[in-house]
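Chains as they are written, first to last, in UniProt numbering: chain A, 1 to 293; chain B, 1 to 293; chain C, 1 to 293; chain D, 1 to 293; chain E, 1 to 293; chain F, 1 to 293.
Certain hints may be false.
Pairs involving identical chains hold if they fit within one copy or between any two copies, as the list cannot separate such chains.
[Claimed, not checked] The calculated lysine to any residue pairs, modelled on SDA-like cross-linking and capped at a C-alpha distance of 25 angstroms, are:
{"no.": "1", "residue 1": "83", "residue 2": "246"}
{"no.": "2", "residue 1": "5", "residue 2": "87"}
{"no.": "3", "residue 1": "201", "residue 2": "211"}
{"no.": "4", "residue 1": "212", "residue 2": "243"}
{"no.": "5", "residue 1": "5", "residue 2": "252"}
{"no.": "6", "residue 1": "201", "residue 2": "255"}
Think of the hints as simulated: they come from the structure by calculation, not from any bench.
Just so you know, these numbers come straight off a predicted model, no measurement behind them.
6 protein chains.
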Amino acid sequence: MFFHKQELHFHATPDQPDAVYARKLQEVLGGQYGEITVAMQYMFQGWNMHTPGKYRDLVFGIGSEEFGHVEMLATMIAQLLEKAPVGVTEEAVQSDPTVAAVIGGTDLQHAIVAGAGARPVDSMGNPWQGTYITASGNLLADFTANANAEMQGRTQVARLYHMTDDAGVRDMISFLLARDTMHQNQWLAAAAELRDEGTEKLPVPSNFPQSKEHTPVSYQYQNFSDGQRASEGSWASGATPDGNGEFSYHDGPTTSAEMPPPTHPDARFYGTTELPNSVEKMAGTAQDAMKRE
Amino acid sequence: MFFHKQELHFHATPDQPDAVYARKLQEVLGGQYGEITVAMQYMFQGWNMHTPGKYRDLVFGIGSEEFGHVEMLATMIAQLLEKAPVGVTEEAVQSDPTVAAVIGGTDLQHAIVAGAGARPVDSMGNPWQGTYITASGNLLADFTANANAEMQGRTQVARLYHMTDDAGVRDMISFLLARDTMHQNQWLAAAAELRDEGTEKLPVPSNFPQSKEHTPVSYQYQNFSDGQRASEGSWASGATPDGNGEFSYHDGPTTSAEMPPPTHPDARFYGTTELPNSVEKMAGTAQDAMKRE
Amino acid sequence: MFFHKQELHFHATPDQPDAVYARKLQEVLGGQYGEITVAMQYMFQGWNMHTPGKYRDLVFGIGSEEFGHVEMLATMIAQLLEKAPVGVTEEAVQSDPTVAAVIGGTDLQHAIVAGAGARPVDSMGNPWQGTYITASGNLLADFTANANAEMQGRTQVARLYHMTDDAGVRDMISFLLARDTMHQNQWLAAAAELRDEGTEKLPVPSNFPQSKEHTPVSYQYQNFSDGQRASEGSWASGATPDGNGEFSYHDGPTTSAEMPPPTHPDARFYGTTELPNSVEKMAGTAQDAMKRE
Amino acid sequence: MFFHKQELHFHATPDQPDAVYARKLQEVLGGQYGEITVAMQYMFQGWNMHTPGKYRDLVFGIGSEEFGHVEMLATMIAQLLEKAPVGVTEEAVQSDPTVAAVIGGTDLQHAIVAGAGARPVDSMGNPWQGTYITASGNLLADFTANANAEMQGRTQVARLYHMTDDAGVRDMISFLLARDTMHQNQWLAAAAELRDEGTEKLPVPSNFPQSKEHTPVSYQYQNFSDGQRASEGSWASGATPDGNGEFSYHDGPTTSAEMPPPTHPDARFYGTTELPNSVEKMAGTAQDAMKRE
Amino acid sequence: MFFHKQELHFHATPDQPDAVYARKLQEVLGGQYGEITVAMQYMFQGWNMHTPGKYRDLVFGIGSEEFGHVEMLATMIAQLLEKAPVGVTEEAVQSDPTVAAVIGGTDLQHAIVAGAGARPVDSMGNPWQGTYITASGNLLADFTANANAEMQGRTQVARLYHMTDDAGVRDMISFLLARDTMHQNQWLAAAAELRDEGTEKLPVPSNFPQSKEHTPVSYQYQNFSDGQRASEGSWASGATPDGNGEFSYHDGPTTSAEMPPPTHPDARFYGTTELPNSVEKMAGTAQDAMKRE
Amino acid sequence: MFFHKQELHFHATPDQPDAVYARKLQEVLGGQYGEITVAMQYMFQGWNMHTPGKYRDLVFGIGSEEFGHVEMLATMIAQLLEKAPVGVTEEAVQSDPTVAAVIGGTDLQHAIVAGAGARPVDSMGNPWQGTYITASGNLLADFTANANAEMQGRTQVARLYHMTDDAGVRDMISFLLARDTMHQNQWLAAAAELRDEGTEKLPVPSNFPQSKEHTPVSYQYQNFSDGQRASEGSWASGATPDGNGEFSYHDGPTTSAEMPPPTHPDARFYGTTELPNSVEKMAGTAQDAMKRE
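With the sequences and hints as input, model every part of the structure.
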């Protein structure tokens, strides 16, 4: 169960409205790595988790915080939109070029659809969608996904910091940056803990017996481009992070196989098959098949 | 530039057709973490990369390999579909219950749209889409995304291993598992190398000055759920992975702010505002505004 | 801010697993009118609302409840999936036709992607998306949207009631039905209250002066089909619900206008324009334009 | 069957082109509540309707009108785009700031894809999609959906009225506003008629026996937020609109249930399960399972 | 304007219900090449067309017919769903394996969402969307798109013919096949007429002066794969269909260019740039930039 | 297998950055008819093809080239974004109106998400998706789809030519135009060859026996609009392109059928059925049905 408290996790009030910036902030509200994504991702990980205790408490504890960040951003966006233009603007444009920027740069649905309100979309107006989240049931994979989400998120927020000089907005952003710092560290710590305590190992998923892989290629770097400098990296020689092997470097594939012959599905799919002579036969087949029906 | 060679990276021929399994394989061809995703993700990271050398050679070298895995899967799926049912099946169902499973479990567009061919969709028929990829320009974030993609991908392939006992299919899967093992290790190694050599640091993005964060909350675990066991984790006390702080545990938020008052955008957005008496005034405003036009 | 409590709003435990039914339940978790939709819809209405007080407290109070229903459904679905098939099944199918139904009827991503967990998708696997919600800022419109959402939702849940005879599932459904009954009534009451107290009127939006409409057609039923029985309805004669007019019935349109002549945009858009003789002229124009560049 | 007449339902000719406004109008052509939505929604309700007569004639009669409104808007948009810019614009921007607004504010696909023509998208460029419509077969629910669609639609059109001062555009808008007034009234009248004549009752769906709901909570307002003023509304006490009960107000949930224990699906899904000691056992299970295969 | 007549263009009544086949038919109602697509495509081509007369009358004349085909299919689907299962089915499955096929093979939203009605989706449940249509303003391109749509459509309908033996369904399909035959021929004839009368030429768009292309490669077949047999085709030598050149065959590219150096955008985007030493400089830049703010 | 070479197929370097134009170019990278579409389309046609030899070599040969064009565009876009604005811009806008155009006209995710890099989206920010491609297995249909794709693509590129005067960009565009010229010609030649050699015939699919169509309407133009000039076209009289018939012109439909009676699905779907008296009966049915459960 969720309980709502009519307070914000932190100040979220701009010094002045800015409808163009409101659109930019939508990215971290409703984008691929926005707050809706992390809130939903952590909660679904919790609901699907196969073990009680510290890890489940962790995703529930943070997932709920993230819904509060959705709220901070939505509240901020509504305020940034408070002077969103509704009237005829051509005249205004003539006398003030900044108006042109506003007209061109706003999310039109902020005005037309939401009446100067926030929306569950990204900065280009794409609706948030369920495919943004990851919850596989394997915690080492999922905590790596979470670390990535917080890294991408903090990067986007840092970029947004430079796109405004409104002190109120920057105040809120400084808070989000700090929380992203925390969460980034936290997921890396949690992923390390899974490995340290032996709950999970590399490669993910660790219980699948590697003997069933095609092991000759399990630690080969195969270079399908013509640049040679990847051979200099730690992924091209030396011990592997999973501790099970030794990297080697290969210029190009070490295996290959003939393409299998083209398929010949039922003639009633009407795919193009053979060249003239034989197509008569195929057509016959199709029409024979139909006669049998 | 890309050059195509009419060979496969590895055998991809089933022992026998299986249209239901063909649909399942679509997940790792055209799903969120399928081969199209990693191929596109690595290439876009390369095209957007701001530094030449080992890291760019790495993403180009692997990205091109992944396009070849798209090809292996598409070729395999076409063969699995070679006996996909097209004719009337009720009679067949009566005499053989496995036919019922086939009818219910296939991707109908494999037959109706593609004429027994592979499609750029996932196992539920959702088309592959550009939002599945990640390429931020920040390599530490992006290599973490890559590690996650390979972990999720290997987990899905491992599950698919158990959903067939066709030796030909399992042969191909054993190869994909091995390559996912390699790539998973490789991205972890590359992420570590970025940090070891000092190119990037934590928290991502590392050049943003932490002094501009709201530092009091940068390393606080704030628990928004009522489970207490997250306090036991390495994310709740001790040094942080970025080396810049010390984790602390807090039951609930350590900050809060009043909700700002509701916004009052232009009356011509026709949002509901005040209660009866004052709405007259608002309405007046709206109608006044219109008179002025 | 949101606080999570590790309890459910009501029992959500099936008597036994049923992976096919798990997929069906996804509709009311992540579908157009599922619980994610209403949770998000009510919260966005609150964050965008222009008036404090009873209406805002209402949407916050119910929106938070709905997130708890998302949780009940996700928890239920995970349990229904507890015996989801992973192994090879052909043999099983031969001996038990119900296995065929299970294979054909499950959400394949439940197994392959989520490892037997719930997902933010509908019963056909389409991801939840932000376009499902409505929050216009006009409360009479939005509460009508809410009443509709609860009506559609309760209808879907009632259908789902008949698709299982698992007592545990039906127990949870009986609870959801009751809450949908409440919410349906509540939004109708709230819409009525807006009108009774004069905060909003019909037609929505009520502050737009009807004198600026093309009033001759404001209350005309115009019949564009050839059935005549719509003339019998209360929408074809008598007073209108908004109290501002009188319905009238018309067989076909009462207005019409000539189609404007085709447009002639810049020749450099390369649209097909006039017939042979004149196209020379147009082409000339295009090529002249290019010469000027 | 549908027959097309090369006339418009009303004048749809702007006084002058305005490519920025063309984009705004796309919202009510191809958006969530645009004319394509209502046209498709009413026709699908008709095709799926289980009763002949006045209600089916109604949806067919209005659905066809709405296709004509799609046509009016598409025609208008093509004209607004007649001077859409195609050439190099930097020089023009230097001498006229309004050009900057045009460049930033247009739908780029109007020019690049459609060659100065209308498209089936909303004002942010999202394609129209089938999930926008509602047709459940239950007419009381669906007519409530229709009333909402017309309310949202009229609100959007009213906002668009203020975003132009082109007399030709406003003329068309005044017509659409009037028809939205009619349709809003009409669906409310039709919903009332369903209830008055006893065809449908509240709560929707009315034939589902309420005895099978968990009736103790059927009319309880349960407040999951900390605002108290929702208790003042007509939804918190007094008779319910469905006439079957009495509202009551409760601060927080009146029911709760323990979270069920975490699930333990097949080990071959490779979800993370127990902590170190027991994971050995689980892993064993997984590998045992594989040996049996 | 559109006028609806409560008759169908042809019989559309099945001999008996078949909920699985209802789902298959959705492909040609709401799929990429279904009837909604062609109806919308032709009408948008008409609304955007820059020339009055025979071509515009053609798209309007056929577009309206296609809306009638949407209606035929929706009506047929509703009838096929008339016995769609709603009740508990496990028992039924035990006694009749065909029930298993039904359960697995139906569109679950047909039952749960539409109450046994048609939906604007394809056979895998993906909603119809605006990106399926093509209307560029260039008629030679668009009529080629139309010919393709009718070819794909007829192929899908032919496949569907074999998936049923219901005489009523096949009767309707025989009609759709005939109309697709007509429309396929018609668009090819119309495309030929555009060229014959000189309204349009190849290559599309014909008014763009080929002198501005990089003409050395305008008629070169460049082979980027290792198969050699494409050299045997009429596209590898001889006169080109546009009459402007001569095909030639080349094994591999005839041009190439060095990759440009990596980009160096503003340091405040926090992309990874140079290796350790220089990153200090970059970081300095970023932090200097911030100090300047 | 694919091999990557770190060279471009042609120069792709702008004379100077232009973030607004970068967004426009996204259309031909990631739009409906962009380079990702043709690359994927041709490769999937190859992987699904049922015949080896010249046609399969053709799609593989060109498909791989198109991936190289994706690369050229991505590389160009990254360079055009090299000076994308990140800092606060209001001050700049005041002094230079072109800045306003830049702010309004850029793809915001280029900056916020990709850090000044290319993305797999179109010019309005919609992600590329798998539904853009066509691969039916029938080569005459698919090569017609390919011809259309190249026509639409060349039209879009021609429009983009006029939207810049950057010599470097135009250089690249001149190359893409030439390759589109080639590919357009090539697919038309290949489609003709299929017919000339008798591999495929019209109407597609040619093996389906026309005797099973409803032949009376196979070559009838039926006019569902009120324009008469379509009767003047070559599609209204004379021999048909497939050589099997003779076109005829008809004003309106030549067939019609009564609408079938409304359906009556199971009462437990809760659709609205009959008027008051009979609804009691229906309700009884529903409740009886429930009692039986």
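Verification of the hints:
1. 83 with 246: neither (61 angstroms within a copy, 39 angstroms between copies)
2. 5 with 87: neither (36 angstroms within a copy, 35 angstroms between copies)
3. 201 with 211: Only inside one copy: residue 201 and residue 211 sit 16 angstroms apart there, 36 angstroms across copies, limit 25 angstroms.
4. 212 with 243: For residue 212 and residue 243, only the intra-copy Cα distance (18 angstroms) is at most 25 angstroms; the inter-copy one is 39 angstroms.
5. 5 with 252: Between copies, since 12 angstroms is at most 25 angstroms while 59 angstroms is not.
6. 201 with 255: neither (28 angstroms within a copy, 37 angstroms between copies)
The structure does not agree with the numbered hints 1, 2, 6 stated previously, though it agrees with the rest.
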